[in-house]
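Engineer: Sequence:
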Amino acid sequence: MNTAHRKPLPGSRLDYFDAREAVEAIAPGAYAKLPYTSRVLAENLVRRCDPETLDASLGQLIERRRDLDFPWFPARVVCHDILGQTALVDLAGLRDAIAEQGGDPAMVNPVVPTQLIVDHSLAVECGGFDPDAFAKNRAIEDRRNEDRFHFINWTKKAFKNIDVIPPGNGILHQINLERMSPVIQARDGVAFPDTLVGTDSHTPMVDALGVIAVGVGGLEAESVMLGRASWMRLPDIVGVELTGKPGPGITATDIVLSLTEFLRQSRVVGAYLEFFGEGTANLTLGDRATIANMAPEFGATAAMFYIDQQTIDYLRLTGREDEQVRLVETYARETGLWGDSLASAEYERVLHFDLSSVVRTLAGPSNPHRRLPVSELAARGIAGPVEQQPGLMPDGAVIIAAITSCTNTNNPRNMIAAGLLARNANRLGLQRKPWVKSSLAPGSKTVALYLQEGGLLPELERLGFGVVAFACTTCNGMSGALDPAIQQEIIERDLYATAVLSGNRNFDGRIHPYAKQAFLASPPLVVAYAIAGTIRFDIEKDVLGLDAEGREIRLKDIWPSDEEIDAVVRASVKPEQYRSVYIPMFAIQEDTGPAVSPLYEWRPMSTYIRRPPYWEGALAGARSLTGMRPLAVLPNNITTDHLSPSNAILANSAAGEYLAKMGLPEEDFNSYATHRGDHLTAQRATFANPQLINEMAVVDGQVKQGSLTRVEPDGTVMRMWEAIELYMQRKQPLIIIAGADYGQGSSRDWAAKGVRLAGVEAIVAEGFERIHRTNLIGMGVLPLEFEPGVTRLTLGIDGSETYDVLGERTPRATLTLVITRRSGERVEVPVICRLDTAEEVSIYEAGGVLQRFAQDFLESSVEATAAARSAAV
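Under my numbering, think of the first position of the sequence shown as 586, with each following residue one higher.
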């Protein structure tokens, strides 16, 4: 830690690093013009950067230049159990590799404080209409995940600097918002802004508190855990001025779905957004968190709000200690992070959004940014007259209605609104349709406490929305099995079945294999659609039912007023609820158990946890980048759900067949996500999404949808996994050709690991999603980008070609993609090397993040040993 610019923080016993002073020394008057993000990054540089490069790095922020990399040192790392577990499996494998090379495995530990929350592994096997659903789902979770939880429990003892919150306690991002983030850290007598990276794209939720929090892949998180800086260039910082206030009956969900469409259209991919303006004062902290959570759906890296009175009020509401709350306000006011201090901040681009323009809305049917105002359902052909045969489900049947995801369950107004709508529906005798699998899965135990306090939890339970879990559940594709009779009817009638959820993702094939499409909605709208029972329903106009006197009931008759929602929030949401949940959860537990080995004893028959192969076989060899054949030729908007799905494993899939051979009963196949600690299972998830469109999979002149490819030079179309196995036997290097926005979606590292283990050496696309690009590099896969105007279509690529990549790999260099067609014709195409920094080049050339660390660790160990011997002599 540097000592220059260190000063006492007024009104406290702590010091702080004065970034304003450092910036003003270079350019007087510059600090007042810096955006919030730049001020936080400047403090990080002043406190952590090498003094010799400090002025040059600060100059990047002051002059808005992007020609040099500068280091960012996040204060902590947060993980959910799926990517956190796979990261820790990698570290356990790294310990094995270090030990085999003569190093000390016990020395491999996270350097940066790391928090792991087990929240992604529970499936809703029992819906919210079962009063014992919570206990039953937790029991199933424990049974299915015994291998995983055994490993996670070992990590608690084997690794230093890791805290684990066990299953059943809530969702990572909501716990982070409500407790884990102090907003301002205090360590070793120094106060500084809380900053973090997390192994989930929705980590920016805590940006609502003024905390820079960035979602990264598991591989990048591993690098930060191990003490390496996260290198960056000055991001594009976009100001978003909010004006007006939401109209009556408009929820935070309606606002964020409208913003998602607006910001996608405004092309903010990769940007840091900063929300400001008088409209921000009309948003509660919960509203801000709902917006910040959806940053990856905008395409943005972060969605920042400044610290102001709303922040302070929220910290008090959620039971933070008085001393900590005072520190946050004192530090923010002193250092220019308080809202009023940002009045002179300048942005290279400013967008304007009027909150009063928002109407009640959904998003769907397959992307979060496809806004769907409910008033337009009929006009767009979604709602309309539905003919229902007695005893059968209607067309467009809602088979899943889930109040789920921290995106919306963090927000007391959303949850209270859902409870009040349920109460009003119950009073009028409305019921959930019998084919609807309904569930309530809050991201925090506090939600159940304040719903109970307001008398609303029993009202939700009466409609089938009892608490099934405190976990991600349906939003992560863990919606569980359907009633067998309902599933059979869907299959036999080829029914257009749908899901409605208060989540953040609705990509094709994500929510449930038998829900052909999914729609995002606010929690009260989810309840309303459970009553309607079909998406073919004009939710504003159509009749939900009849009351005892035979009068028609519509949505307006049960929708609660804003005044009542606010009154119940004020009366029911209390600091002591948060304290009662979180103080025991984060109490330091004395470890009285026996010590464990620094090396994990891998279970040979496990399908969940297996020693990773990244130092063995083909992965230990050179990547020639010559003679590559395409594994897939893909259109635009390929998501990580296409690349490595997370939902339930079906028996007829490659992974299902493997699990059956390993002796697992079908009911315990679990999800693809939960098996990512075992590469033999996870490999079989590569491109396993049944909605995949691979333009190579041509049958009778038509591209066939599914997990398929064409093996060349044979010309045979087969299942993707069989093709991968065949290519591995041939030792055939592979390439993927893709369109725009390749890899958008959740930050799952197996979307990169799967293709690397398949033998893919390079991916050429029109554009990459930020996190996925870094994950590819972290696995030693070369990302290449077509120049503007060049696509797989303009080049006439059909998958029968072979490919070479020529040129020196330096940051953003122009390389040559040599395409050799079946006819022998040779085409040379310039492509951009998307190794964007010198650090990324170093990681790629080493073979990946883990290989880079292992080489550096062993070299430093040898140097340390030699130095010790020299000193002894």
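Just so you know, the hints here were simulated from the structure itself, not pulled from any lab data. This structure is a prediction, so every number in the text was calculated from the model and none was measured. Possibly wrong hints are sitting among the right ones.
Claimed, not checked - Within a straight-line C-alpha distance of at most 25 Å, the following computed DSS-like cross-link-like pairs (lysine-lysine) qualify:
1) 1159 / 1018
2) 1018 / 1141
3) 721 / 742
4) 592 / 830
5) 1141 / 1159
6) 1018 / 721
Engineer: Against each hint, give a clear statement of whether it holds in the structure.
Structural biologist: Do the hints match the structure? See the list:
no.	hint	in the structure
1	1159 / 1018	violated, 34 Å
2	1018 / 1141	holds, 19 Å
3	721 / 742	violated, 29 Å
4	592 / 830	violated, 41 Å
5	1141 / 1159	violated, 29 Å
6	1018 / 721	holds, 23 Å
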